[in-house]
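Dock chains B and C against chain A, hints included.
Chains as they are written, first to last, in our numbering: chain A, 131 to 689; chain B, 146 to 627; chain C, 126 to 471.
Hints were generated in silico from the structure; no laboratory data involved.
A virtual CB, placed ideally from N, CA and C, is assigned to each residue, including glycine.
Please note that a few of the clues may not be correct.
Claimed, not checked - Which bits of chain A does chain C cover? Going by a derived footprint, with three or more residues having C-beta under 8 angstroms, they are:
| id | segment |
| --- | --- |
| 1 | 380–387 |
| 2 | 581–595 |
As the list claims (entries may be wrong) - Distance condition first, Cα-Cα at most 27 angstroms in a straight line; then the derived DSS-like pairs of lysine-lysine:
| id | chain 1 | residue 1 | chain 2 | residue 2 |
| --- | --- | --- | --- | --- |
| 3 | A | K138 | C | K230 |
| 4 | C | K181 | A | K138 |
| 5 | C | K221 | C | K235 |
| 6 | A | K597 | C | K251 |
| 7 | A | K265 | B | K229 |
| 8 | B | K290 | B | K481 |
| 9 | A | K476 | B | K221 |
| 10 | A | K504 | C | K309 |
| 11 | B | K607 | B | K552 |
| 12 | A | K578 | C | K280 |
| 13 | C | K181 | A | K597 |
| 14 | C | K411 | A | K597 |
| 15 | C | K389 | A | K504 |
| 16 | B | K322 | A | K265 |
| 17 | C | K389 | C | K411 |
| 18 | C | K181 | A | K504 |
| 19 | C | K230 | A | K597 |
| 20 | A | K578 | C | K231 |
| 21 | C | K294 | C | K280 |
| 22 | C | K147 | A | K597 |
| 23 | A | K597 | C | K134 |
| 24 | C | K181 | C | K156 |
| 25 | B | K570 | A | K466 |
| 26 | B | K221 | A | K466 |
| 27 | B | K570 | B | K615 |
| 28 | C | K181 | C | K294 |
| 29 | A | K578 | C | K221 |
| 30 | C | K411 | C | K385 |
| 31 | C | K294 | A | K597 |
| 32 | C | K238 | A | K597 |
| 33 | A | K597 | C | K231 |
| 34 | A | K578 | C | K436 |
| 35 | C | K147 | A | K578 |
| 36 | C | K280 | C | K147 |
| 37 | C | K309 | A | K597 |
| 38 | C | K278 | A | K578 |
| 39 | C | K389 | A | K578 |
| 40 | B | K468 | A | K466 |
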Amino acid sequence: MFKNFFLKSTALFIALFLLIFLAVPIFQVFYVSFLDQNGHFTLLNFYDFFQNALFIESFYNSFYVASMSVVLASVFALPLAYFTSRFNFRGSVIIQSLGFIPLIMPPFVGAVAMKLLFGSNGSINLILNDWFGFKIPFMEGLNGVIFVESIHYFPFILINLITSLNNIDRTMEESAQSLGSKGFGLFRRIVLPLSMPGYVAGASLVFLKVFDDLGTPLLLDVNNMLAPQAYLRISSIGINDPMGYVIGVILVLTSIAAVYVAKLALGGKDYSMLQKGGGGMIKRDFLPYQKYLAYFVVFVILFLVLSPHIALTLLSFGTIWSFSVIPDAFTVQHYKAVFENSVFIKNTMLYCSIAAFIDVVLAFFISYIVLRTKIIGRQLLDYIAMSALAIPGLVLGIGYLRTFYSINLPWDNTPLASWWFMIVIILAVRRLPYALRACNAVLMQISKYLEESAESLGAQKISIFRKILIPLMTGGLLAGFITSFSTATVELSATIMLVSTESEAPLAYAIYSYMQTAAGRGPGAAFGLIGVLIVAIGTYLSQLIIEKKYKQRGMEAKV
Amino acid sequence: MIDFYRILSQFFFYLTKLTCFRFDFLTKYKLKKLMRKKMKKILILFISFFMFASSAVANSGNLVIVTSFPKDLSGKFKAAFETKYPNITVEVVGKKTTAGIKYIQETSSNNGTDLFWASAPDAFEVLKGDNLLAKYTSQVKGIPKLVGSYPINDPEGFYTGFAAAGYGMMWNTRYLKANNLPAPKEWIDMADSIYFGHTGMSAPSRSGTTHLTVETLLQGDGFNEGWGKMKSIAANFKTVTARSFGVPDGVNSGDFGVGIVIDFFGLSSIGSGFPVGFVYPTVTTLVPANIGVITNAPNEKNAQLFIDFLLTPEGQEILLDPKIRRLPVNPETYAKAPKDFPNPFKDSSIGAAVKFDVQLSKGRYNLVNSLFDVMITYRLDDLRAAMSAIYKAEEKLGNKNNAKAKKLIAEAKALVAALPITEAKANDAEFNKIFKKKRKKAKDIEKYAGTRQAEVEAEWDKFVIGNYSKAIKKAEEAIKEL
Amino acid sequence: MSEKIIEIKNINVSYGSNHVLKDVSLNIDNKDFYTFLGPSGCGKTTLLRLIAGFEKSSSGELFIDGKEVSNLNPWERDVGMVFQNYALWPHMTVYKNISFGLEEKKLDKKEIKNRVDEVLELVDLKDLSRRYPFQLSGGQQQRVALARTLVVKPKVLLLDEPLSNLDAKLRVQMRKELQDLHKKIEITSIFVTHDQEEANSMSTNLAILNEGIVQQVGKPVDLYNNPSNTFVANFLGTTNVIEGEIRDTIFKSKKGLVVKNINKNAKGTSILLRPQNLYLEQRNEKFEKFIGEVKTQEFLGNIVRYTIDIKDHIFVLDTLHEVDKKIYSPDEEIVFYLDTKKIKFL
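Extracted from the complex, chain A is given alone in its bound form (with noise of 0.2 angstroms):
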């Protein structure tokens, strides 16, 4: 604890990594929006961005979507999240699973296979129209955009709002029982306000995400919204107006503010830690009518946010699909083209491992650092790992490329920011926040005395880690490996700016590339399906080994 030389080496060498490689390419990028046309400081730019009716509808429509993709977000999660916690409801388990899959949304072909299904003339709007002769304008301008997004991240919402849920103590429900509270006013009065906390995280989390999603809107065409208006003037041929930067600058504080909002609004309200033991939720069972209606209401969400994947299978198996409810025939010849390009799998789940592990190191140090260590600007080095949720990809990009691409390979003196491995670290960077996140939260749930007790019979910190933390984390890294892992497989922002040779390219720039082609439709849902389906098949993996990890140490509680 006196002599961590060890320790705070790792925390500079951290600091080091983060300055490199976040802070430094993003400097790069938005120092332009502080520049006159002369090369001087100015803050006109940001007076200019005001003065702009355009720029103030964007950020008034970008807030707008943000807030409402959390209310709808919040539609989609409640019922399921109440239903499969609070009932015996059977089922749970895999529709809880299945509430994870819409995060694994992959870029380019979910946007059409949602057209396809949900647009003007997709296959619900066309039936509608046949039977009942009307439609319904699910994928028009900005509620499009909520409509999409609010189905990508709702399960942001959803695990938090089950995991609020099941940490409340059972103890809390009954004493208030039998102070003579029941039914609504029951949940009203106590299971709602101890699962806010919970709540509030994830919203804010949604906000966070829509506020600055970009590949949504511009797949939908909508451009009045901050993020597109940013990636518009930033990537327009030979313009190098300043105002996109500004944008990205603006899109920045914002979402700082919205994570300063959400943290007022919980004002240190979080209870989850006060109350330990006792056991979860008490479940209740349905009276029979309700447990139709409950089934029905699950089922049509369960539609409603799977029907981007639905309609991505139906796509890749299709042959031609347009302007009909379902493609006109059906094939595997689009599997052939993937099998054949096999080398883009490869190269994702080389690239994406790489980056999930290193985001599990760095994130095990930072939590380390930050919870054990009393390192002078140890919060600092969380608060900057966790800002790059708030950069959006492209703008990353670009900065990689002015920061090192005039750096070259020691051994073949070709530019460092063509490596492969800079995408590695670029998917790293993007996707720390989330390991990060995973490994606080396990780190935080594991008694200092099992360090200590280690310590005192003569362990060192290295042997402490090896023995004693990381097995005792194993299911918080690999929960962080997996959300980082499974995420950067559909990472094409950033990625697509470093991508300098086909063969070192990622799936999602392959479906990226494919989309690209009237022939490339089916090809690109196949990459599409089988990158779901390889996370899907990895999450599962490494649950097998949490859950049973969990069993073996009888409980995760008494550490």
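Showing chains B and C alone in chain A's frame:
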């Protein structure tokens, strides 16, 4: 902040725990054994997978091409070229045109790219302007100077045309049938109110070829007339896509009925079996798709070989592939083309109507894009509202002879068509510098020093929005008159 | 006098403005069973963790076996700590938990096995060596924690409220076992507790802490008999404390209660009276007689505890219960006597 993080943390922690399937029927002891076995297996799986995967990466080619072309096109050429030159490995890097330019610009200090291969000549102009292209003139014989009215190669020799493409209209036959719409033939058909909400196009700032279509319209009909026509076409748009492929994608899906697309998108969609059709309007420009050697190319010789290969008969024939369908620049190749394949060297009606002024186009490139975005892309809803009010008024007018209403409608139309900038100013080289990249010195923009693009755009935006809402009022007044 | 194994000199610990330990100095003899006793938040655990090396002092010196260790890491100090919640590693078997420290010392396998077996024998857990912690009862976990620490033969054994997680009966039993163990292996032990009964029954020496200050040090009986301040007096058993003035042989409280016939040389501002030194029967003529009113009555089985009000002073009186003895009810008048010889002065 910490509380917030703590809750987030818990969430991630439970993320996986929650989705677990449970195995209560196994005893803890059994589990332990099973676990050990599984762990080992998974570890081995992982390691072997790593080995397997890492062997896949390595060996970068000795000809690196950055291209905006889809795999269907680039892959065919790559394969053919590699068959012909077995000791050259071609590395194809697909990027959107805009991203490709950005990439080459950002990486120029340490260039690793040999060739830039894309459609829009203006993209090459940008690179040329940055001194990022090297001169090369191919010695392959039999390529004419012009296609339509457009020179095939860069007159200064920095890039070479290898295929021609022109803009046209693509439609989904099922969609048109369901909505009882005829297929359009000319640009002006697209402005007909029957297509309201049924068409689509991509923004010129997003796609170089779209830019050329807009520019062609402006040069063909004149700056003011051209914009007027453009806006009345745009008023029918269901969407302005951010990607140029978004248009054929939308038509193929049946998301909208008619799209303004470059020919090969239409032709290859037909080739892929989609129920779509394609036609060239009279006013179109045939534009060459190009390829150019990058300055300081690491494999310059191979790069030149590749350009030559594109122009040889065997290279040109690849363009006829049903999934590619681009117009070869070698007239003899058309002998092997399918029956209905358009031949610009024989059919003089394609692409000859406009004499395209490359210099004019180049000079106001960014300004036109920005103007389009401000008036159409970002204000599509307002434009559509204005136009639909006018349509309503016109419908009500019918064959009635109400002078006042007619006048009001005409005024409304004029308001919609009005431009926030005069042609002279739009063509003013000094003013255009505001929209240029790389203004390191203040004297670069003497005349308009201190004026910022964002400022100009905000002004335009105000003008446009004002006009659109005034137009709606006029149209409503007209309706009242009737 | 035996050799000092731990010397604590003028140790201060503070967290920000919170001064946790104030100028603490203590000496602990070899083979002693030493207890830090005090209410929660008094700094006793901090002091223990400081010795173990988990806390850092802001000033002062700490010697273990003659060596200044303030700047040594926990693993370099040769002290063993048993934690309140045992801190058994849930992913290791009992055997693995115990062998951990030896493996860290890189002993060869055979020796590890011998020593683990030996210590398992010592704590009577031989049959359970393959179990995981969650499969053990509280008492068994406690013994594993102890064995895990003892096996590395530390110079000092630190015990942080090790009995607090056990039920009452088991606690008494473990108390005995701990004492036996201490006799058997004669290891210097430092025991932290807030339970005075535990402290009194087990320790050879006690240090009583309050608010970061050592109040008194000594053998349990001495402290009970001669508390150096009211805190110690109150903490070690119940005491009636009355403030007032002493003049010659007469004590007079501010509220006007008078106690005559006290020791001539007595000095101080308050008198201390243990509840068992107040009697309902006059055993001796010299006892002083008081009449008061019963406030509460508590029947504790072998004794009855009364609180009695005299002139707004509340006295606690314990009397042995016998079958025929009268039990007073609240508001009843009561007569009691006190032996002025047993009064302590502060």
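Quiz item: Hey, C/K238 versus A/K597, does the alpha-carbon distance stay inside 27 angstroms?
Solution: holds, 19 angstroms
Exercise. Quickly compare the C-alpha distance for C/K181 and C/K294 to 27 angstroms and report which way the hint goes.
Key: violated, 37 angstroms
Quiz prompt | Hint consistency between C/K230 and A/K597 [alpha-carbon to alpha-carbon, up to 27 angstroms] | solution = holds, 14 angstroms
Self-check item: Given hint A/K466 paired with B/K468 - CA-CA distance at most 27 angstroms
Solution: Between B/K468 and A/K466 the Cα gap is close to 17 angstroms, so the pair holds against 27 angstroms.
Quiz item: Do three or more residues of the segment 581–595 of chain A come closer than 8 angstroms to chain C, measuring C-beta to C-beta?
Solution: It holds, with 10 qualifying residues against the three required.
Quiz prompt | Holds or violated: C/K280 to C/K147, with C-alpha atoms at most 27 angstroms apart | solution = Judged against 27 angstroms, a Cα distance of about 26 angstroms means the pair holds.
Quiz item: Is the hinted pair C/K294 and C/K280 satisfied, with a Cα-Cα distance of at most 27 angstroms?
Solution: violated, 30 angstroms
Exercise. Verify the proposed pairing of A/K138 with C/K230, using a straight-line Cα cut of 27 angstroms.
Key: holds, 25 angstroms
Quiz item: Are the Cα atoms of A/K476 and B/K221 separated by 27 angstroms or less?
Solution: holds, 23 angstroms
Quiz prompt | C/K278 paired with A/K578 [C-alpha distance capped at 27 angstroms] | solution = holds, 23 angstroms
Self-check item: Proposed proximity, A/K466 with B/K221 (alpha carbon, max 27 angstroms)
Solution: holds, 17 angstroms
Quiz prompt | Hint consistency between C/K389 and A/K504 [alpha-carbon to alpha-carbon, up to 27 angstroms] | solution = With a Cα-Cα distance of about 58 angstroms, the restraint between C/K389 and A/K504 is violated, given a limit of 27 angstroms.
In summary, the numbered hints that this structure violates are 1, 7, 10, 14, 15, 21, 22, 23, 25, 28, 31, 34, 37, 39.
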